[in-house]
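Given only the sequences and the hints, what does the whole structure look like? Please build it.
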Amino acid sequence: MENLYFLAITPPEEISKEIIEIQEDIAARFDSRASLKVMPHITLKAPFKFPMAAHIIVLEWFENLQINQSAFNLELKDYGAFHNKNKPVIFIKPEKNASLATLQKQILSEFENAFPGVAIMDLELDFHPHLTIAYRDLKVNLFQEAWREFQAREFLKIFEVNDFHLLQHDGKKWNIIRTFPLKFFQNN
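So for the sequence shown, this note's numbering puts the first residue at 17; every next one is plus one.
Source of the hints: derived by calculation from the structure; they are not laboratory data. It is possible that some hints are incorrect.
[Claimed, not checked] Think about it this way: if two alpha-carbon atoms lie no more than 27 Å apart in a straight line, the pair counts; the simulated DSS-like pairs of lysine-lysine are:
1) Lys155 - Lys199
2) Lys109 - Lys93
3) Lys61 - Lys199
4) Lys103 - Lys199
5) Lys109 - Lys189
6) Lys189 - Lys33
7) Lys189 - Lys65
8) Lys33 - Lys173
9) Lys61 - Lys33
10) Lys112 - Lys188
11) Lys101 - Lys112
12) Lys155 - Lys103
Shown next, in the form of structure tokens:
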């Protein structure tokens, strides 16, 4: 048996509620419910599996990460899409953010150093942060219709990223099992 994990940033509750309302609207009008199975998030380390016996090792790794990134503001602005031929995706776009990119690179480096035998996907190395609102079960024809609408819609929220999470799948849903606080550095 294996455990499934990933690392992510989650927006504050009030922003998450608004995003869930958008996902529910997409589920009702465009028959895409898959995004409702996981809380709104920005993936920092894609899902990875470890034997159940290694659970403590994963927890210790996460709790002892050497992350040198202070808290930062992240702007979510408008919508984007991955126009994959068979599995298109619609998402809310984080604005380009050096702190977010640095944080993700540090996490991947820490993961690679701790678990050199576990492959990091090319997709992770070419980081395109996004907050998914429709994917997997979004049919191509309905994607076209939904994208016509969402590419013209506006979305704007700013929040402080002061932590990120280790999530584990329990067989039905993802659960936050640990939180890593970002440091607050003082300028000297």
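Here's how the hints hold up against the structure:
no. : hint            : verdict
1   : Lys155 - Lys199 : violated, 42 Å
2   : Lys109 - Lys93  : holds, 5 Å
3   : Lys61 - Lys199  : holds, 20 Å
4   : Lys103 - Lys199 : violated, 38 Å
5   : Lys109 - Lys189 : holds, 24 Å
6   : Lys189 - Lys33  : holds, 17 Å
7   : Lys189 - Lys65  : holds, 15 Å
8   : Lys33 - Lys173  : holds, 12 Å
9   : Lys61 - Lys33   : holds, 23 Å
10  : Lys112 - Lys188 : violated, 33 Å
11  : Lys101 - Lys112 : holds, 25 Å
12  : Lys155 - Lys103 : holds, 7 Å
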